[in-house]
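Peer 1: Reassemble the complex: the two chains are provided individually, in unrelated frames, and hints are given to aid placement.
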Amino acid sequence: MFKKYKRDIILISSLLIISLLACLVYFNFNGSSTNLVANITDSNNVVTQIDLEKETDTEREITVDGLHEDLKVGVKHNAIRVIYSSCPHQDCVKMGTVSITNKPIVCLYNKVYIVLISNADGNDINI
Amino acid sequence: MRKNLIKKISLISILAALAIILSIVESFIPLGIPGVKLGLANVVIIIALYIFNFWYALGIALVRVFVSTLLLGTIFQMGFFMSLTGSILSLLAMFLLKTIFKKLSVVGVSTVGSVFHVSGQILIAILYMGNAMVYYYPLILVCSIVTGVLTGFVSLYVMKLKVFKSFNSTENKEEIQK
Chain C
1 MFKKYKRDII
11 LISSLLIISL
21 LACLVYFNFN
31 GSSTNLVANI
41 TDSNNVVTQI
51 DLEKETDTER
61 EITVDGLHED
71 LKVGVKHNAI
81 RVIYSSCPHQ
91 DCVKMGTVSI
101 TNKPIVCLYN
111 KVYIVLISNA
121 DGNDINI
Chain W
128 MRKNLIKKIS
138 LISILAALAI
148 ILSIVESFIP
158 LGIPGVKLGL
168 ANVVIIIALY
178 IFNFWYALGI
188 ALVRVFVSTL
198 LLGTIFQMGF
208 FMSLTGSILS
218 LLAMFLLKTI
228 FKKLSVVGVS
238 TVGSVFHVSG
248 QILIAILYMG
258 NAMVYYYPLI
268 LVCSIVTGVL
278 TGFVSLYVMK
288 LKVFKSFNST
298 ENKEEIQK
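Note that the protein sequences, when read in sequence, are chains C and W.
Residue numbering for the first sequence follows the numbering used here, beginning at 1 and increasing consecutively.
Residue numbering for the second sequence follows the numbering used here, beginning at 128 and increasing consecutively.
Calculated from the structure, these hints are not laboratory results.
It cannot be assumed that every hint is accurate.
Restricting the straight-line Cα-Cα distance to at most 30 Å, the calculated cross-link-like pairs of lysine-lysine (DSBU-like) are [as the list claims (entries may be wrong)]:
#: 1; chain 1: C; residue 1: K4; chain 2: W; residue 2: K289
#: 2; chain 1: C; residue 1: K3; chain 2: W; residue 2: K287
#: 3; chain 1: C; residue 1: K3; chain 2: W; residue 2: K292
#: 4; chain 1: W; residue 1: K292; chain 2: W; residue 2: K135
Same shape as in the complex, but just chain W (with noise of 0.2 Å):
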């Protein structure tokens, strides 16, 4: 039982500190567009998602965007808020989808996530900046798709790893076989 909270923990501790360089890594990725990522933190949040619970991948998200805009210098600036609005509008979306129709697979969950992530950015770029942002929206949300989709793909095959088998719960086993 204790050496299995501590396994859990110390798991924990590693998917936030990957979620936190990830993110770092990625902003030194531009695709021309101005706030658009990788999304390659998104991976990392959906696999808490599914290996622990809703709360632990909010933990996770909230973690990521603090401690990567603290260290990039970036903290309680524009780029803060779009992440961190973006951050949680996608965990909402997935967790609900993830709940409500469970014959979804991983891939079309994180879709659905990096869409809802982009739209929370524009959304809070448009309350910042004014309508500018919303000529990027259909450029931006057929980027989120194709990010989505390899976001999802990647997911679906790190929880397959060894490491987190162990916490997979029957279900959730169930939704990674798929």
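Bound-form chain C, shown alone (with noise of 0.2 Å):
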């Protein structure tokens, strides 16, 4: 059984070793989830930083321009979810909060997406 897939397990064990070890490496040294500002790009590829140091644990809401639809995103203090989106999965809305550096919300039905990146520097953010 072994000797017949031999080549086969080489090929997909390579393949599975090189990519674990890339969410590894990637999701390991990249995460931060202290002062953490937000890159909201919008469907017109406008940029919106939001400083979420500086929001208070109360969720505060946002609209975002979407391409077929405006989001409702919640912001409070370094973290951010979506609350509301008119694409048909949901994915976007479904990721929940996120409050780590290394994991954007992504919604490709209407073309906008959030990353979060990490302010240690403190400097100010044009908001």
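Peer 2: Structure (structure tokens):
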């Protein structure tokens, strides 16, 4: 059985090792959950920056221009989530609250994406 | 001869219809990552590639992309271009691998096809939306390897069915028997 699939096992194992290493490197060395700034890119490619460090623990709702319909996004202290989107599969809503830099929220249908970056230097953010 | 041709046309039509149905069904099975699907329709494309040839498989892949997105109401939208690029890239990779590395089985070929499928989709998503989709690539890659192995095994067993036996060339028969 194994001899028959020897070449396949080598090929699949190599692919799996490479991708798992990429996952490991990416998720271990690229994550930060403090001093977060949200870069929200809407369907017109306009980037809105929100300093999540300055937000309170009470969730505030903002509207983002979507390709088909506007999205409702909830922001609070170092956390962000999509509250409402008109996309068919609701992947962006199902992602829930994100509070780490290496986990973007993407809505392909409405062409909106939210990326969290760390503002560890404490630079002023133009909102 | 004529009977064989009718049989061939019927089988290709059934495969195309099956690819469209599987494509629509899997669009209702979200995996939690935007744009990622199980790749069930890839089973049909692999079968067409092994039982017939590259051109028949390409024809079925194109019909699948056009008709399924037309029925889902997403034709010429983002998902359509992602699906089209992924399908063509995956089929090309599988064909080249099948031709060059003859000792690889359907499972290995299917896995590489699945990896190229998601790579093509991510490429289009990056062109459309920018770098945000790159973040998902390592995770999607792992998922694609798992689904590629599964679809490879499914294809391997489906191709052993009696209905496909009369179409298999001697060369393909050896590969399927592996």
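Peer 1: Hint by hint, note whether the structure agrees.
Peer 2: We went through each hint and held it up to the structure:
1. Distance restraint check for K4 of chain C and K289 of chain W: the Cα-Cα separation of roughly 23 Å lies within the 30 Å cut-off, and the hinted pair is therefore satisfied.
2. Restraint check: the Cα-Cα separation between K3 of chain C and K287 of chain W comes to about 20 Å, which is no more than 30 Å; the hinted pair holds.
3. For a cut-off of 30 Å, the pair hint linking K3 of chain C to K292 of chain W stands: about 25 Å separates their Cα positions.
4. Our distance criterion of 30 Å between C-alpha atoms is met by K292 of chain W and K135 of chain W, whose separation comes to about 12 Å.
Violated hints: none; the structure is consistent with every hint.
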